[in-house]
Each structure stands twice: as structure tokens, then as C-alpha cells.
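Undergrad: These are the residues of each chain, in order.
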Amino acid sequence: MAKTTENILPSGEKEHVTLHVNGEDISLLIEAHWTLSKVLRNGCSLTGTKEACDAGACGACTVLIDGIARPACMLLAREQVGKKIETIEGLEKNGQLHPIQEAWLEEYGAQCGFCSPGFIMTTKALLAKNPNPNDDEIKEALGGNLCLCDNYEHIILAVKSAAKKIAKGGK
Amino acid sequence: MPRSSSIGKDVIQKDGRARVTGEAKFYADYQIGGLLQTRILRSPYPAADILSIDTSRAEALPGVSLVMTHLNYPQAFRSSLYYVGDLVAAVVAKDTETAEEALELITVEYEQKKFVLSLEDAMKEDAPEVFEGEKNNHDWEFHAFLSDRDPETRLFKTKTPGPYNGFGDIEKGFEEADYIIEKSNISYALCKAPAMESRGCSMNYDGVKLQVYTHSQGMHDEKYALAQVLGIGQDKINYVSPYTGGGFGGKNPAVQNRNIPSHYLIIAGLACLDLKKPVHCAYSREEEMVCAWSRGSSVDVKIGFKKDGTLTTMDYTHRQETCSGGDKWPPKNAMLATGAVLYSRNCENLRAKINYINTNRFTAVGWQGYGVPEGHFGVETTMDTAAYELGIDPVELRKKNCMRAGDIDAGWDPLTYISAYISGSGIEECLDAGSERVSWKDKWQHPDKKASRVRNGLGVAIFTMGAGRVGQGNSSEAIVKIYHDGSVALVCALSDMGQGQHTVQCQIVAETLGIPYERVGLVAHDTDSTPFATLAAGSCGTWIQGWATYEAARDAKKQLLVLAAEKMNRKPEELDTGTNGVFVIADPKEIISYQDAFGAIGHYGGPHEIIGIYVNNNPHERCLKDGNPEHILIPKEKGAQFISLDVDTETGIISNIRITMAQNVGRALNPKIVEGQLSTSRHGLDNAVLANDCIVDKRNGWLMTPNLVDYRFSTALECDVDTVILEIFDPSHPFGASACGEGAACPTLAAFSNAIYNAIGVRLLETPFTPEKILEGLGKIQSKTKKK
Amino acid sequence: MKRFTHINATSAEHAVSCLQEYKDSSYVIAGGSDLLGCLKDNLWMQTPEAIVNLKTIEGLSYIKEEGSTLHIGALTTLTEVAESSIVKKLAPALAEAARRTASPLLRNMGTLGGNICQENRCWYYRYPSKLGGRIDCVRKGGTKCFAVIGEHRYHSIFGAVNKCIAVNPSDTAPALIALNATIKTTKRTIAIDEFFSAAHGAGSTILDRDEIVLEILVPVAAKSAVSAFKKIAFRKSIDFALVTCAIALEKDADKITAVRICLNGVYNNPMRSQEAEEFLLGKVLTEDIAKEAGEIALQNAKSLFQNIYKVQLAKTLVADTLLSL
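Chains as they are written, first to last, in the working numbering: chain A, 1 to 171; chain B, 1001 to 1788; chain C, 2001 to 2325.
Warning: the hint list may mix true and false statements.
[To be verified] In silico negatives: residues of chain A with every beta carbon more than 10 Å from chain C:
1. 7
2. 24
3. 42
4. 54
5. 68
6. 90
7. 105
8. 106
9. 133
10. 142
11. 164
12. 166
13. 167
14. 168
15. 169
[What the hints assert, rightly or not] Part of the chain B face toward chain C, derived, beta carbon under 7 Å:
16. 1062
17. 1586
18. 1712
No lab work stands behind these hints, which were simulated from the structure alone.
Every residue gets a Cβ at the ideal spot worked out from N, C-alpha and C, and that includes glycine.
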């Protein structure tokens, strides 16, 4: 039986960890209570992940953990070691926007843009699972992301347009 | 085509790319080395005095840089506290954990005082005074009576201070009315301004200047205020605010007013200057929920009609709960809903009385609509009641009485003009277009005819909202630079917090110069690089800034044409600018490139850039009818909103909500942006049916819903918004536009109330429209006592 | 959030030994959406010293049918439960309850085990310390319940337990009760009817402090068995319920031969309505019978000033859920 002292990070101490973010290994010093969103923003300088409600209730901090959309403000960074983390910064490749980003831009999916990274990451997970969602499926999948500019019509159009782009081989 | 055109097109959002890649730097994204963190200690009591405060243990904690209280920073902190969450002390430390630990080491001795937590209680004679020596209930000090109406122009000539806003003879009006419809205590529960980004700032003194990283609806206004409070010159501050994560009024801090909680600026500013170290001060979502702007009111409306439904007389009473804050201005915008503007067509007699009332709740400051939604909720539900009682179709009653272009705005803004011409309306057309979209004539049915468990209701409300202000403080400036490679920069500080002004202003430049939109760059990120721009509030950007941008572009163009004329041996007036250069209007094939128009540059001298500039001390001369400075054409947002919904009579739950928003925008400069603005009708939905009022514990003053779990904003699933965009050219704008922005949420409370009435015959006049109120109205449940 | 010690458990035994070592000052973390919320708001009178991560224990996430029982690992996410074709087929009430819980993002991290062990959502209990200090209500060891005399529009309509009128917020709990599940822990196997216990300290279950849910077992009923779950909430996503209802029943030639009804959001514990169940046995389901069952289920309701409407909601929901079967 394992001892309690194994796999332990005591309160107030820092630990070296490696997070696998957007295809790269990033070595960091973290504390036990630090959330993933904090560490991404402060430790990795990946500030595209936004913090808005700090309660998992708005989706602004959505990232993909092994392909699954989760709110980074409710995840402990330490618990993400060994997982594949994708943030908004990982979408653009060689100066080329991801089809979802392109669609967002064309359909005016961002108003103030504070929610956009989260919505785009949720959409990426949705389209990976369901490449051709209908309106109801889109709305349901976006149910954890708030846009307080209320730009939902454009956002839904952007998801549909992104699905078409991806189907045509965009990505 | 030598000229390129972008007006009326869905061009790509100017700074959109950065918004979808995560590169957009909102203030909290600036990473500054050694940034200190701030945490705030907040009052546990709704009313108390600080008898003593001991910060010695906090100060002794390693890592703490500064502890701020009313003792060492009286300009920011007070010894009296007026609401739960009011500012007691702040700790600046090396990290948030240390700052939080230090907060727990501060000991405060409070003396609790009597308090009052509701508008109703605050108005009682023996109510505890929120601010000592000051009655809670204030008469509005700017009431003005209009008289001396010119029979020809219909404008009023005289304005005199009085006990209420109005004109005509209210008593006589009601005496002569055939019908009088009256509703009282139409209550808009306190609700919070939405914005994804909570407020805060980082400040860094770089040896020369205080660099302020924050969000802003008007960074120059904010900079001036902050400089004053900090006691430093405006030249010593640079405000950096490239992106603002939603505003809706809430990103318009009142730095000097300590009753209005935008303390993050003064706390960070004082700490940064004193410590000479970078300081971050931000509100958590919970703090933001307490400190964010909120609105709440109670109004009475009494309307007199002729037999045929002509509205002749209106009596309007508005009680605004300003809570422990000091924003008494929103009620002036409520005037827009009355016979002063919205029903100015036939209204001969108006009395509108405004009071504002302090309570010991968090601060109330207006947001989206700024008083307009409150006024419309009252007037448009009373109009709806009238339609049913008079037996006139609700759409027809409004068509008969709503404002038209050329009607008189009877001074909704009592400080700046006596009365003015309404430059455009189109509400009748919006009512027609909206009715058609929702099949009003086929689908509308009297509630008496509905009997099924789930009943559909169809409601309508019309609205108007300001689209620009005139007079002092409402100017805006722009610089347009043309470079010799044919690229252009708009230098303009107008905030884009999602409403699309960065895009639209660049479209105006592109259109004026006849060049592709993509060639227009934007300089808008800080105050050092930009001239003053108006506060982006009151849906005024397209109008106030639009004129400045348009004229600055024209100024630049004029200068370029003079340069080109020399090279082309032509007169400047024979020439125009376009995609590929300057061309002869009569013979577009005769063209020279921008480079050739400039001539040699670089080490050889010559003009390197052309600088066009304009200060719009509006009203612009083209907003004056016949050039007469007293004949102002004042634009409005205006339209009609239809709501269709289903009410389950067994549960009181509302579903299948569809909002149809018909708005005359004059000209849709960018249709996608217009659609996006109209979709903010959901903010009305939030307040109407998601039960997200700011519930406060009546015994202790705690805000019970200080997070986004318990305070509900619409998700993608709550409703659909359908838009009907009308474009009836507005003569007060260079491209015929007026505005669209705040208006979308202005009619929504009334439209919901009216739709619910149409479904079940129950008139709800207190928001939010909860299952409890619906079930009570239907007689399915009885309250144990009258709920307060 | 305050600092704590974090331990990645390697096995259930390891996790239990950690809990024993840190005694009352430790919590386990699964999905974390509830726990981190509590920690961020610093709402407990004592901050836990240690957090024990269960996600590093292998083999606690699965859905399988074995014999006549559906086995669901405690760490299976709500999304996995909601989307599982086996759960949808064999326990539709549970699949629907999982689908209606919170939001898609939270369902992607929230676990079934965590969902039935979550803290209540009473505004007073959850009041964040940032806004003038936490509220030490009776549930936390304080002396009084502030909701009874204060804001209780979403609180219990069946009275208090130990002075507390908070409601159980779980959506999957009523479904598991209707489906007559059992809970396997590190110590024992517990019938779902015995699992929830508001009387048992600050938590909402009978679990000991060093006890961890490992598996949820749902009996696969006869072929004629059906089940359904309905939820009334303000928004169609994110929100906790005003009222939920889950019902499982079996019929023989139209007559009800077995039925279990459970409401939630109405009382400290999920509320089984045995009187309504008895009433329904042997009856053919009609609209009138369903309504009467709803009336019976709520006949002992003791609503407060602000939550009378919830009685009407619950009555209607019982009838509606029955009629959907």
C-alpha cells in the first residue's frame, strides 16, 4: 500500500512539473492550489485563456484536456500533468487561422471578444465529436459558454460555417 | 470603379483577428515584471462607522508592501460604510495569497448603524438616513417646464425651472380626456450591468509617466478624472485600453465619486505612485457583482386618451433607487419613453416628476439604456393596458401615437437644449414590418380566447433611445493620416467594447476616401497617441464620432487633392481619391498614384504624411435645420420589439421565446454589427424571466446572488432573436445612419410583460416575472402573506 | 484560494489512508467543480489542510452491464453517463438527469460520484468570504439558519433538518433513487434510500470522513420497466434545479406493478414519495391519476412564505413525469 507521503505536494511548497500545452512541453514551478487558468496565464504567458467568473459557470477559460472541453479555472494545474492541453493559442498554424477562427471572423462571432477563445475551444471539441451539428445540437453544446454581448446568432452561424469549412478539408 | 465602397457591407471586424486568436490584450493580459497584487477588505455591515482599525499585524507580514485605510489614504477610503461590501481597507502584496492572508490580520472595530434596504422603506418619514443629515428621498434638481411653443416650428422657446418636467396643462388634459388609464408601482428590480470582463487595472510608473492598463468606454474622460484624483498633471498619465471586454455602461468609472465603486483605479494609482512599483488591482466576479452598475426603479404612469385612441396627456412619476451611490442621471433618459419624445406626436400635456432615493444597498448606476428601459417598462405596459381597455389593437394604438420624423423632442436632456427636431423615426414602419414578420394579424388573439395549459402570447413594445448628445462635454475628435503608399490611419480614441465602433469608423474613412476598407489602419490603443473622443455611451459613437471621423477624412482628402492637383495640372475640385490613387472625376483614366501625388519623400524632404483633423463640437452644422443653431436635428434609436412566448399555466414557466427586433437604423453601415447589437435584447430577457434581480437579505444587506451561477445571464438556449433592419435615411448623419446599441434592451421588459398578458391575461408589473408571480396571477397559488 | 496540500492517490486504499491521516481536515477531489467552488469562496469555518485527488486512481471510470446490474465507476463523468448508449437504454432517467446537470463543460469534468456527494447551494451557506466575511450558518456549526427568516425562495418545502432548510442540489440523485441503485464505497455497500442523510454533519450523505464512493450500481429492471427524469430550472443550462422528479415504473397489462418516485430540490435529502407510489400501485395511468399522485406526493409539504410556488411546481412535475412514461 502506498504511503500518504507519496505523490504529495505540501501546502506552500512548489513543485517542478511539465505541462504539455499546444504540442510543447513547458516546465514550470507550481503550487498545489494553483488553477490551470492561472498557470496558463501567468506561468505560460498564454493569456488567450480568459478568466471571467472563476466558478466554471461562463466558459471563458475553456481549454481542451485530451480533446475534452473543460473550464480551466476549475482545474488544478497539478492534476493536468501528463495530459494534452490545448488552448486558443494552439489553433493558428504557420500564420494560418484555424477554420473555426476564420469562421468566427467572417461571421462576426466576436463582439467584445472576451468570450471568443472559450467559445472557439468548445466549438473545436464539438466539431471533433459531431462534424455536422444542427442548430439544437450547437446550442446545447455551447450551453456552458456565456456571451454577455449576447452575440449568439452570429456564434451559431460561425459554428455552422466552421463545420462546412472543415468538411471541405480546411482542417 | 476608381472608388471603393465599404458602407453597408459586412467588412471584417477591424481588430477581429486578435480577438479570435487570443492575441487581443485585455488589461489583465499585460504581463508586467514584479507586479504587486491587491486585495480589498470589505464591509460586513450595510451601515457602520469604523471606530478603530489595526493594520500592524498585516503590515508586518512578509511580502506585504502597503496597507491602505482611511487613516493613511483618506482620499480613497472612508471611516463610514454604506453597504455590505463597501471599502474598508486594501492590501498590496507580492502575490494574492499574501494579500489575502494579510486581510485576515487586519482588526476592525465597527459601530453598526441603522440601515434601510428597500426603496419603499427608504421613502418613509422615519427611515434611517443613508447619508447622515440628508433625506433619502431627493427631488430631482433639474426639473424644467417648457412653454412658449412656436405655432409654426412647434419648438418650445422658454424653459423655466419647475417642480417637474413637462409642458401644457396636465389638469386640463385629464379633464378633457375620454379615457384615463393609470398604473402605479411598476417596478424594475435592481439588476446588474453585464460584461464578461470584470473590472480592474494594472499601473506602472515608468520613471516618466503613470502607465494605466485598463478597459474603458472613454479613456480620455477617465484619464482626466484619475489625474485630478491623484493630483498629477494629465501629461503624466498614459491610459492604455486597446480592448474592453464588454461595457454596457459599466466600464465608465466615476473615479472622483467615492460613492460609486470604481475604486480599483484610485487604489492602484495611489499605491503605484507611492511605492514606485507596478500594482494590479482587480475585482473578483463576486466583488464585481457588488460593485458593478445596477439599476432599479418604480414608476407610475397615467395617460389620457381621446375616444379614438389619440394620446393627449401623460403623467409620469419616476422613483430611481440610487442606493448608496450617487448617480441621479438615469431618470432623465426615462423621459424618452414619455410624451416628451416617444409619444410626442399627439401629447399636448406632460408632467414627469423624478425622485431619486438612497438605500443601503450597493451602488446603482445606469447601464444599457441608462433609465430608458425603466421608463419604457412603465409607459409601454400602461399603453398596452390602454389598448386592451380601449379595444384597440396594441400595434394600431402605438402607430397612432408614436413619434415621427420632425416631431419635437421636448427636452429629454434638460441641460443642453430646450427642444429639438427628431431627425428620424420610422417606428410606424417598424411596427408594420415587425407585425408582418411575426404574423401579428393572424396569430394575435385576445387572452380570453385561450384555454389550453400552455398558452402562446404575443406582445409588442416600441422604444426610443438617445443616439447622440449635444452640448458641452459631448465633442469628439479624429485625425486621419494618409501615407504616401496609399495606406491610411484613423487616429481615434473611441472605445470598441464589442459594439463595433473601431470597424464602423474605419468604414467611414474608407468610404470618404474611396479606398478599400483593408487599407485603413487604426490607432486607438492609448491616450498618448490619440486625440480626445467622446465617451462611448448613449449609443452615440456613429453620430458624434462619426461626424469627426468623416470630416477628418475629408480634411485629409482635401489636402491630398491640393498636392495632386499641382502634379496633374488640374484644379483640386476636379479630382477625387480612389483605390489606386487620385483621379480626374470627369476622366477616371487620368490618375496618379498616391506616391506620385506626394512626390519625393525621405531624405529629399516633402510631406511624408497628410494629417486631416476635425473636432466635432456637435451639433455639426448639417444637424441644424436651415442652419439655425436653435433648430437642432437630434437622432434617436427607435423601433418596435415583438415577443412571442409560451406560458405553462401549471408551472408558470415561460418557454419558446422568440424576440423579433425591428429597428430603423437610418443606414446599416455594417449589417452584421447591427444584427449583433440587436441581439442584446437578451439583456432584457435576463431581467424579465431569468429571475436575476439582485436579491439582498433584508436583515443583513448581503447580496445573495454575487456570482454567475446564482445570477443568471442568457445562454444560447434561452431564446432566438430575429432582426428586422429598416434603413430610412437620417438627415443628421453624413451617411444617413443614426444608431443601434443600447436600444435593443429598452422595450424588452414591457414586451415580455405584454406577451405574458396576451398569453394568460395576467398583467405583471414587477420584475422579474417569476413562476411564483405567474401562478399567483393565475390563482393557482395564494401567498401566505403579502410578499415584500 | 487558500493553500492546501495536494496528494495524488495511487489507490483507493491510499486515498483512505490520506483521509485518515488528515482526519477532519481533508477532502477528496474528483471533478472538482463543487469542491473548488467551496474553496475559492472560503466558505467553511475551517479550511481543509489536504486535498486528495482520486483521478490518479486507475479503474474508477467505466460503464458496464454485468448480469442484471449496470455498474458505473464513481469517476465516470456526467457526460459519459449522459451519452452512454447502455445507460440511455437501461436507465433513461439517469441518462437524462446527467444530461440536464449543470453545463456541458461542467459535465465534462463532474463525476457521477461527485454529483451525489456535492454540497448544497444555499445562498447563505455559499456566501463568499470576500464580501465582508462568510456567513456562519447552522449548517457550518453556527447557531441559526438565516434562510428561514430570510431568502428561501429556492429552499425546502418539507421543513428543516437540524434547523437547516437547504435542499439537495443533485440532479442524478433522484434518478438513482427512482432506479433503486446501490452505492459501493471503500467500506460497504449502501442502498440508495439510506445514502443521503442531511442529519449527518455538514455533508449530505451518511459517508464517513474516510469513506469514498467507488461504484454506483443500478439494477436492470424487467423489460416492461421504464424511467424518466424531468427538471424545472430557469435556464436550460448551467442552473441548479427549482425542482426535479425521477420516476421508474413497471406495468403489467397497463396496470402499474412497481413504481419509485423521487423529487429533489424540495428537501435536505432527495425526497421519495412512498404515499404516491402506494397510491399508484395497481392503477392504470391516466391524467387524473397522475395529478392525484402529484397531490399525494406533496400533501405533507410545509412551504414557507417565499416558496409556496414550489409545491405547485413539484405537484405538476410528478404528474408530468408520470405521463411521460
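Undergrad: Now tell me if each hint is right for this structure.
TA: A quick look at each hint next to the structure:
no.: 1; hint: 7; verdict: 4 Å, violated
no.: 2; hint: 24; verdict: 23 Å, holds
no.: 3; hint: 42; verdict: 14 Å, holds
no.: 4; hint: 54; verdict: 6 Å, violated
no.: 5; hint: 68; verdict: 5 Å, violated
no.: 6; hint: 90; verdict: 18 Å, holds
no.: 7; hint: 105; verdict: 24 Å, holds
no.: 8; hint: 106; verdict: 25 Å, holds
no.: 9; hint: 133; verdict: 12 Å, holds
no.: 10; hint: 142; verdict: 8 Å, violated
no.: 11; hint: 164; verdict: 22 Å, holds
no.: 12; hint: 166; verdict: 20 Å, holds
no.: 13; hint: 167; verdict: 22 Å, holds
no.: 14; hint: 168; verdict: 26 Å, holds
no.: 15; hint: 169; verdict: 27 Å, holds
no.: 16; hint: 1062; verdict: 15 Å, violated
no.: 17; hint: 1586; verdict: 62 Å, violated
no.: 18; hint: 1712; verdict: 6 Å, holds
In summary, the numbered hints that this structure violates are 1, 4, 5, 10, 16, 17.
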